[in-house]
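Listed here are the chains, written in short residue letters.
Number of protein chains: 2
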Amino acid sequence: MINGEYADRLNRLQNELRARDVECAIISPGPDLRYLVGYDAVPLERLTALVVRRDQDPYVLSPFLEKSAALASPIGSLGLDVQTWTETESPYELLHRHLGDLSTLSVDGRMWADKLLRIQAEFTATATLSAVPLISALRMRKSAGEIQSLRLAGEAIDRVHARVPEWLAAGRTEEEVGHDIGKAILAEGHVTADFIIVGSGPNSASPHHEVSARVIQPGDAVVVDIGGSMPDGYCSDSTRTYFIGEPDDDYLRDFETLHRAQVAATAHVRPGVTCESVDAVARDILTEAGLGDLFIHRIGHGIGLETHEDPYLVTGNTTVMETGFAFSIEPGFYREGKAGARIEDIVVCGEDGAIVLNNRPRDLIVID
Amino acid sequence: MINGEYADRLNRLQNELRARDVECAIISPGPDLRYLVGYDAVPLERLTALVVRRDQDPYVLSPFLEKSAALASPIGSLGLDVQTWTETESPYELLHRHLGDLSTLSVDGRMWADKLLRIQAEFTATATLSAVPLISALRMRKSAGEIQSLRLAGEAIDRVHARVPEWLAAGRTEEEVGHDIGKAILAEGHVTADFIIVGSGPNSASPHHEVSARVIQPGDAVVVDIGGSMPDGYCSDSTRTYFIGEPDDDYLRDFETLHRAQVAATAHVRPGVTCESVDAVARDILTEAGLGDLFIHRIGHGIGLETHEDPYLVTGNTTVMETGFAFSIEPGFYREGKAGARIEDIVVCGEDGAIVLNNRPRDLIVID
Numbered sequence: 002m003i004n005g006e007y008a009d010r011l012n013r014l015q016n017e018l019r020a021r022d023v024e025c026a027i028i029s030p031g032p033d034l035r036y037l038v039g040y041d042a043v044p045l046e047r048l049t050a051l052v053v054r055r056d057q058d059p060y061v062l063s064p065f066l067e068k069s070a071a072l073a074s075p076i077g078s079l080g081l082d083v084q085t086w087t088e089t090e091s092p093y094e095l096l097h098r099h100l101g102d103l104s105t106l107s108v109d110g111r112m113w114a115d116k117l118l119r120i121q122a123e124f125t126a127t128a129t130l131s132a133v134p135l136i137s138a139l140r141m142r143k144s145a146g147e148i149q150s151l152r153l154a155g156e157a158i159d160r161v162h163a164r165v166p167e168w169l170a171a172g173r174t175e176e177e178v179g180h181d182i183g184k185a186i187l188a189e190g191h192v193t194a195d196f197i198i199v200g201s202g203p204n205s206a207s208p209h210h211e212v213s214a215r216v217i218q219p220g221d222a223v224v225v226d227i228g229g230s231m232p233d234g235y236c237s238d239s240t241r242t243y244f245i246g247e248p249d250d251d252y253l254r255d256f257e258t259l260h261r262a263q264v265a266a267t268a269h270v271r272p273g274v275t276c277e278s279v280d281a282v283a284r285d286i287l288t289e290a291g292l293g294d295l296f297i298h299r300i301g302h303g304i305g306l307e308t309h310e311d312p313y314l315v316t317g318n319t320t321v322m323e324t325g326f327a328f329s330i331e332p333g334f335y336r337e338g339k340a341g342a343r344i345e346d347i348v349v350c351g352e353d354g355a356i357v358l359n360n361r362p363r364d365l366i367v368i369d
Numbered sequence: 002m003i004n005g006e007y008a009d010r011l012n013r014l015q016n017e018l019r020a021r022d023v024e025c026a027i028i029s030p031g032p033d034l035r036y037l038v039g040y041d042a043v044p045l046e047r048l049t050a051l052v053v054r055r056d057q058d059p060y061v062l063s064p065f066l067e068k069s070a071a072l073a074s075p076i077g078s079l080g081l082d083v084q085t086w087t088e089t090e091s092p093y094e095l096l097h098r099h100l101g102d103l104s105t106l107s108v109d110g111r112m113w114a115d116k117l118l119r120i121q122a123e124f125t126a127t128a129t130l131s132a133v134p135l136i137s138a139l140r141m142r143k144s145a146g147e148i149q150s151l152r153l154a155g156e157a158i159d160r161v162h163a164r165v166p167e168w169l170a171a172g173r174t175e176e177e178v179g180h181d182i183g184k185a186i187l188a189e190g191h192v193t194a195d196f197i198i199v200g201s202g203p204n205s206a207s208p209h210h211e212v213s214a215r216v217i218q219p220g221d222a223v224v225v226d227i228g229g230s231m232p233d234g235y236c237s238d239s240t241r242t243y244f245i246g247e248p249d250d251d252y253l254r255d256f257e258t259l260h261r262a263q264v265a266a267t268a269h270v271r272p273g274v275t276c277e278s279v280d281a282v283a284r285d286i287l288t289e290a291g292l293g294d295l296f297i298h299r300i301g302h303g304i305g306l307e308t309h310e311d312p313y314l315v316t317g318n319t320t321v322m323e324t325g326f327a328f329s330i331e332p333g334f335y336r337e338g339k340a341g342a343r344i345e346d347i348v349v350c351g352e353d354g355a356i357v358l359n360n361r362p363r364d365l366i367v368i369d
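First to last, the protein sequences are chains A and B. Mapping of the first sequence onto the numbering used here: residues 2 to 369, in sequence order. Mapping of the second sequence onto the numbering used here: residues 2 to 369, in sequence order.
Any given hint might turn out to be false.
Note that identical chains are pooled: a pair holds if it fits in a single copy or bridges any two copies.
[Stated by the list, open to error] Computed cross-link-like contacts, DMTMM-like style, restricted to lysine to aspartate or glutamate with a CA-CA straight-line distance of at most 25 Å:
(1) 339 / 189
(2) 184 / 41
(3) 68 / 211
(4) 339 / 249
(5) 184 / 82
(6) 68 / 176
(7) 184 / 353
(8) 68 / 337
(9) 184 / 56
(10) 184 / 352
(11) 184 / 195
(12) 339 / 123
(13) 339 / 88
(14) 184 / 211
(15) 68 / 189
(16) 68 / 195
(17) 184 / 94
(18) 68 / 294
(19) 339 / 82
(20) 339 / 247
Derived by calculation from the structure, the hints in this document are not laboratory data.
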């Protein structure tokens with residue numbers, strides 16, 4: 002990443018501010034800050050903020066004791082001014098003195114409510130808005146470098162899935178299997194294991210189950226949905242469904258339908274289609290097979306510096322797909338109390354269709 | 002933790018709502034939710050919220066696909082009603098339908114700004130406030146069980162500090178030392194290593210430095226400030242200062258002053274003193290020795306389910322100390338570009354004074 006890319010992102014954010022008639026964006030530590038200026042600051046109670054106005058140089062407001070850390074990030078070489086505040090000052094008052102009474106200001110979507118409420122209490126004459134639409138307009142369109150980052154993350158999590166059959170066995174608990182997977186997520190190059198779902202038997206029917214003390218049994222479907230963050234912050238996320246022993250015909254038939262729906266949705270991806278249409282393609286196939294009511298979540302979410310970010314592939318999202326959009330395609334079905342299944346890949350919208358970043362076999366993986 | 006404790010916390014929150022004339026608290030995933038009902042939900046873009054009103058039973062609003070996860074938490078055995086929303090509904094509209102037009106509602110301090118802004122857009126007739134003062138009133142006063150949790154966390158991080166001299170040596174980078182410390186934080190019983198500061202030489206003068214590729218040199222002061230979260234969510238945080246080779250007399254004299262200031266501030270802790278007075282005790286000692294301007298941060302922060310939480314021990318905080326308050330005492334001095342030092346323990350306010358939870362020697366630890 003050269004600094005030119007950060008400068009370009011800041012310029013594009015200023016363009017978004019102008020286009021949407023918003024005077025200012027205040028960006029606190031989190032993925033937006035990392036995206037815009039490469040500063041991976043830990044979100045803490047003291048206000049750190051990148052301040053971006055339409056026609057003035059962006060600057061950073063930092064607690065005095067974190068100035069060195071800010072300057073050690075790309076902020077230093079970008080030449081951004083760093084204004085500091087000390088322990089007995091109010092950074093919110095300082096911000097108000099710097100900016101005056103704006104008509105509108107926007108804040109990053111992940112800012113802590115406590116900070117936003119303090120900003121609102123200080124800027125009483127100002128309408129506060131979410132900066133999510135402005136920054137998503139940038140972050141949704143991944144650069145070649147970002148796509149490469151997501152590709153490496155995808156390969157790393159594929160290597161973990163390749164090893165899951167070593168650990169998954171009747172008689173072990175979900176927690177034990179999850180522990181092995183967590184170590185492998187780190188060993189394969191991630192710096193954090195962000196989530197580990199090992200949903201066995203009835204737990205496979207709870208989409209956001211994590212792990213439990215449940216002992217895995219013969220006859221269990223096991224949904225394994227795992228991901229982590231790479232050193233550059235880009236995330237992986239992939240799901241495969243395993244089965245302990247021989248599945249019955251009904252489950253196999255449903256799984257084949259799911260597989261078909263996942264492949265069809267992926268094939269549908271290309272510039273110009275709407276985000277919701279990708280969901281609809283899979284949902285129609287599942288509905289036709291009587292599984293529509295069991296597909297209880299949207300088909301996917303954007304991914305990049307966050308596991309879940311714009312665009313969301315959900316009914317009602319008419320955003321038109323562009324090259325560089327990166328997102329999951331993960332239909333599932335869930336029979337409450339019985340069994341579920343999910344197949345998930347990360348996909349990038351390329352000029353000629355989907356570029357698929359997870360490439361382990363998508364079939365039901367039978368563990369003997 | 003018995004469910005009776007969660008029920009008691011919910012009752013006390015309702016008392017706070019009545020006492021402060023706030024109609025409702027909306028608590029999203031994060032430490033407040035974990036504290037109040039034991040649900041350690043991952044903060045994601047879909048709204049999950051505990052809704053607490055003054056005179057009605059609390060309930061949980063959950064995405065439909067996370068209902069099983071919510072019920073698998075203590076929420077299930079507490080008997081709280083779980084209302085769900087599906088992917089094509091707006092949870093904010095649903096909340097508004099449930100609650101009607103309130104005059105005031107409060108939100109947890111960590112709620113994402115994007116969610117708060119959606120609540121504000123929906124509840125246009127309602128004043129939104131921070132729930133931090135209400136919930137801090139509960140969380141600041143640690144129970145015997147919480148103090149025991151913090152004690153175990155303190156013992157775990159003490160065991161890591163005991164081993165730091167094995168890894169800290171001239172010729173190694175801060176990153177290499179930090180990597181060893183990170184593994185030990187997990188090996189000693191934490192589930193996450195939350196922060197690892199290895200500030201060597203000039204980096205020791207940057208209080209929130211993390212680790213870098215800098216090679217540690219003879220003659221370096223090294224500030225090692227480390228902590229993690231235990232399986233029950235309670236955090237550790239302790240700093241010791243190491244020195245590679247023989248420190249000069251000036252540094253040693255300054256360090257002895259710092260040590261004296263840390264001990265004096267700890268000795269000052271007892272019910273009835275103000276939070277700011279603990280800071281002042283250390284600051285006066287450092288100022289008298291000419292180090293006041295180099296002590297650029299407050300003396301401490303509360304700790305519990307978050308590393309930093311109320312009460313903050315800072316000039317201007319006149320909150321009166323009570324038994325059960327738990328916080329850090331961590332004076333430091335920082336000569337920019339040269340060297341710094343910090344000594345930090347976690348302390349609980351007991352009836353007869355400070356109960357100190359970190360007990361490694363506080364002297365400068367010389368690495369030969």
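Here's how the hints hold up against the structure:
no., hint, in the structure
1, 339 / 189, "neither (33 Å within a copy, 38 Å between copies)"
2, 184 / 41, "both (24 Å within a copy, 21 Å between copies)"
3, 68 / 211, "between (38 Å within a copy, 13 Å between copies)"
4, 339 / 249, "within (13 Å within a copy, 70 Å between copies)"
5, 184 / 82, "neither (41 Å within a copy, 37 Å between copies)"
6, 68 / 176, "between (41 Å within a copy, 20 Å between copies)"
7, 184 / 353, "neither (37 Å within a copy, 45 Å between copies)"
8, 68 / 337, "between (52 Å within a copy, 11 Å between copies)"
9, 184 / 56, "neither (48 Å within a copy, 47 Å between copies)"
10, 184 / 352, "neither (37 Å within a copy, 44 Å between copies)"
11, 184 / 195, "both (12 Å within a copy, 17 Å between copies)"
12, 339 / 123, "neither (53 Å within a copy, 38 Å between copies)"
13, 339 / 88, "between (55 Å within a copy, 22 Å between copies)"
14, 184 / 211, "both (16 Å within a copy, 23 Å between copies)"
15, 68 / 189, "neither (34 Å within a copy, 32 Å between copies)"
16, 68 / 195, "between (29 Å within a copy, 21 Å between copies)"
17, 184 / 94, "neither (46 Å within a copy, 42 Å between copies)"
18, 68 / 294, "between (53 Å within a copy, 16 Å between copies)"
19, 339 / 82, "between (58 Å within a copy, 23 Å between copies)"
20, 339 / 247, "within (16 Å within a copy, 67 Å between copies)"
When held up to the earlier numbered hints, the structure conflicts with 1, 5, 7, 9, 10, 12, 15, 17 and fits the remainder.
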